[in-house]
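Trainee: Read left to right, the sequence shown gives residues 0 to 605 (numbering that gives the first Met the number 0).
Keep in mind that the hints were calculated from the coordinates and are not lab data. Treat the hints loosely; a few may be bogus.
[What the hints assert, rightly or not] Mimicking DSS-like on lysine-lysine, the simulated pairs with C-alpha atoms at most 27 Å apart in a straight line are:
no. : residue 1 : residue 2
1   : 280       : 328
2   : 9         : 442
3   : 280       : 34
4   : 575       : 593
5   : 340       : 355
6   : 153       : 194
7   : 295       : 340
8   : 493       : 588
9   : 556       : 577
10  : 344       : 328
11  : 328       : 301
12  : 142       : 99
13  : 62        : 52
14  : 493       : 477
15  : 328       : 355
16  : 575       : 556
17  : 487       : 355
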Amino acid sequence: MNHVEYEKIKAAEWQQALDTIAAINASTDPLVRYKTSRPVIDIKHMWETSAEKYADSVAFHVKDASDQPYRTITYKEAKADSDALGTALLCEPGLDLKGKHIGIMGENSYQWEMTYMAVIGGVGVVVPVDKELGEEELTYVLKAGKVEALFVSKRYLKKMMNIMAGGETSLRLLICMNAEEVPEGILTWKGLIEKGKAYLAEGRTEFVDAVVERDTMSVLLFTSGTTGLAKGVMISHGNLVTNLMVSPTLMNVQEDDIFFSVLPVHHTYECTCGFLMPLYKGASIAICEGLKYIVKNLGEVKPTLFLGVPLLFETLYKRIWGTAKKTGKDGLMRTVLKVNKVTKKIGLDLVPKLLKSVTDVFGGRMRVMICGGAAIDPAILNFLGDLGFIALQGYGLTECAPLATLNPDIDPIPTSCGHVMPTMEYKIDHADPETGIGEICVKGGNVMLGYYENPEATAEVLKDGFYHTGDLGYMDDKGFIYITGRKKNVIITKNGKNVFPEELEYLLSLIPYVDESLVYEGEASSGEDTTIVAVIRINEEAVAEVLGEDPVDEQIKALLWKEIDKTNEGLPMYKKIKKIGVRHAEFEKTSSKKIRRNVLANRDCV
Numbered sequence: 000m001n002h003v004e005y006e007k008i009k010a011a012e013w014q015q016a017l018d019t020i021a022a023i024n025a026s027t028d029p030l031v032r033y034k035t036s037r038p039v040i041d042i043k044h045m046w047e048t049s050a051e052k053y054a055d056s057v058a059f060h061v062k063d064a065s066d067q068p069y070r071t072i073t074y075k076e077a078k079a080d081s082d083a084l085g086t087a088l089l090c091e092p093g094l095d096l097k098g099k100h101i102g103i104m105g106e107n108s109y110q111w112e113m114t115y116m117a118v119i120g121g122v123g124v125v126v127p128v129d130k131e132l133g134e135e136e137l138t139y140v141l142k143a144g145k146v147e148a149l150f151v152s153k154r155y156l157k158k159m160m161n162i163m164a165g166g167e168t169s170l171r172l173l174i175c176m177n178a179e180e181v182p183e184g185i186l187t188w189k190g191l192i193e194k195g196k197a198y199l200a201e202g203r204t205e206f207v208d209a210v211v212e213r214d215t216m217s218v219l220l221f222t223s224g225t226t227g228l229a230k231g232v233m234i235s236h237g238n239l240v241t242n243l244m245v246s247p248t249l250m251n252v253q254e255d256d257i258f259f260s261v262l263p264v265h266h267t268y269e270c271t272c273g274f275l276m277p278l279y280k281g282a283s284i285a286i287c288e289g290l291k292y293i294v295k296n297l298g299e300v301k302p303t304l305f306l307g308v309p310l311l312f313e314t315l316y317k318r319i320w321g322t323a324k325k326t327g328k329d330g331l332m333r334t335v336l337k338v339n340k341v342t343k344k345i346g347l348d349l350v351p352k353l354l355k356s357v358t359d360v361f362g363g364r365m366r367v368m369i370c371g372g373a374a375i376d377p378a379i380l381n382f383l384g385d386l387g388f389i390a391l392q393g394y395g396l397t398e399c400a401p402l403a404t405l406n407p408d409i410d411p412i413p414t415s416c417g418h419v420m421p422t423m424e425y426k427i428d429h430a431d432p433e434t435g436i437g438e439i440c441v442k443g444g445n446v447m448l449g450y451y452e453n454p455e456a457t458a459e460v461l462k463d464g465f466y467h468t469g470d471l472g473y474m475d476d477k478g479f480i481y482i483t484g485r486k487k488n489v490i491i492t493k494n495g496k497n498v499f500p501e502e503l504e505y506l507l508s509l510i511p512y513v514d515e516s517l518v519y520e521g522e523a524s525s526g527e528d529t530t531i532v533a534v535i536r537i538n539e540e541a542v543a544e545v546l547g548e549d550p551v552d553e554q555i556k557a558l559l560w561k562e563i564d565k566t567n568e569g570l571p572m573y574k575k576i577k578k579i580g581v582r583h584a585e586f587e588k589t590s591s592k593k594i595r596r597n598v599l600a601n602r603d604c605v
């Protein structure tokens, strides 16, 4: 079935897509600069139209081995593989996977992404599974998600065979994505592709003619909660394509862009923005081999667009300045960046010539860097901007598939998590009359269907069509949103004042001896207001430069207090940090690297 026939069959949904584009084009917001989105009904329709429109263009840059160069795969070739896989899953006797929940677990790969396209394109519900989960958490996700088949990379095959043999889940099929020789009873990705191509040659059209539902669950994502068991977030095709059509209005995605895929694709941020978005816009995806290969792969494939999280950009930032300091060029770099702010105004950019070795770290062609997942130090975004990159911050949640706001690519505001997007509604619930701070709420086609088999939790966050994010913040008169903290983390003092732990944790992160911190409400002394406590994981290297090797905690605390006293000077009395604890080990974290705030072990060193 071609896309024209599909559009006729799905006439009502096609009109929804046309209405979304019409609303975008009607926007009078001056920051909605790019009105080039095309209407798409669902992910199947998006992939069909992209494969036709960009057939011979490169869709993927992949590596078969670390010592080999990147090779390319065109849209036409990729579409043929996803069609073959989807056909095999529906036609192979004994599989019985139509409408079933199918998991994908493994490293970022071409096979992972084409499996996603096959399952969502007419087979069943995709359940992306976090490969970093322990056996107990994996069992919980597979059981709660009712996963019957799992595509898995060979690195995790044995673990998953053990879980399947345990009989606690509904898992009955394992398909290895990147091995040809597997134990008996295990299927292979390549084998299914070959069978699917044979079925297609016989004229089987069960998959290519499948019609998917736009507004029912097509993806089941389990959140990595910081305070309890993960909830299953139900995402529809409509949620995903709303993001694809709306978000490029604030940032120009070009057909010759190469997206560098390094964040785990099972997270919705990378999946929507780093996988589905480039395929929607006719760009290509370069899959990174892993964190330790980032700089190497950047140099090999020379990408133009890079999605990251704060930790990733902070690491690169420290590496650049550390190298400059060791080579004695940090002073030169500061001078060039300072002078360049003036010379660029008259058309003279000094960075490409004088700081080429720095920009070449990112491959030499980098254009846009987007940070999501958590707040980033604005100084890092400013630094990247000074180097000539478009450095943006966005805001998203799994429940919004994931984009809620995005900074525009012209004149972004580093301190803001982004600008409101067209076709969506926003409100600040129960805003404080003095500060304007309240709970950020979002309404639109991007908002999830609800939590899987959990109507109580769904009712708590979906009210009158608005998703209550649990994040506190405010919106300025230009539509930019600023996050101040999490509603569940806020500390309310005895005098009724609000203290946002995230604000204090950010201020502590500016101290060179601090790697990360956890701020919470401690037990107040008699007659005192609330006591603010900070547990600090120290930067061992920075501390050693001052105190030498193996200093005792009392010496470290004294060093920290010298800096924290300076921080406290700029804070009102109710926000001042009163107690600190020193931590050497990393905080216990979720798979998305967020500190588990409810784990008391994080606080036992105070």
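Trainee: Going straight from one Cα to the other, do residue 493 and residue 588 come out at no more than 27 Å?
Mentor: violated (30 Å)
Trainee: Given the hinted pair residue 344 and residue 328, is their Cα-Cα distance within 27 Å?
Mentor: holds (25 Å)
Trainee: Run the distance test for residue 280 versus residue 328: straight-line Cα separation, threshold 27 Å.
Mentor: With Cα atoms ~40 Å apart, residue 280 and residue 328 exceed 27 Å; violated.
Trainee: With the threshold set at 27 Å, check whether the alpha-carbon distance from residue 280 to residue 34 stays at or below it.
Mentor: Roughly 13 Å separates the two Cα atoms, so the pair holds.
Trainee: Next pair to validate is residue 142 with residue 99; report whether the Cα-Cα distance is within 27 Å.
Mentor: holds (13 Å)
Trainee: Compare the distance between the alpha carbons of residue 493 and residue 477 with 27 Å, and conclude whether the hinted pair is satisfied.
Mentor: The hint is violated at about 35 Å.
Trainee: Would the pair residue 328 and residue 355 pass a check requiring their Cα atoms to be no farther apart than 27 Å?
Mentor: holds (13 Å)
Trainee: Next pair to validate is residue 575 with residue 593; report whether the Cα-Cα distance is within 27 Å.
Mentor: Between residue 575 and residue 593 the Cα gap is close to 24 Å, so the pair holds against 27 Å.
Trainee: Decide if the proposed pair is consistent with the structure: residue 328 and residue 301, CA atoms, cutoff 27 Å inclusive.
Mentor: holds (25 Å)
Trainee: Given the hinted pair residue 487 and residue 355, is their alpha-carbon gap at most 27 Å?
Mentor: Violated: residue 487 and residue 355 sit about 45 Å apart, past 27 Å.
Trainee: Is the Cα-Cα distance between residue 556 and residue 577 27 Å or less?
Mentor: holds (12 Å)
Trainee: Taking only the CA atoms, is the gap from residue 153 to residue 194 under or equal to 27 Å?
Mentor: OK: residue 153 and residue 194 at ~21 Å, within 27 Å.
Of the hints listed earlier, those the structure fails to meet are numbers 1, 7, 8, 14, 17, in rising order.
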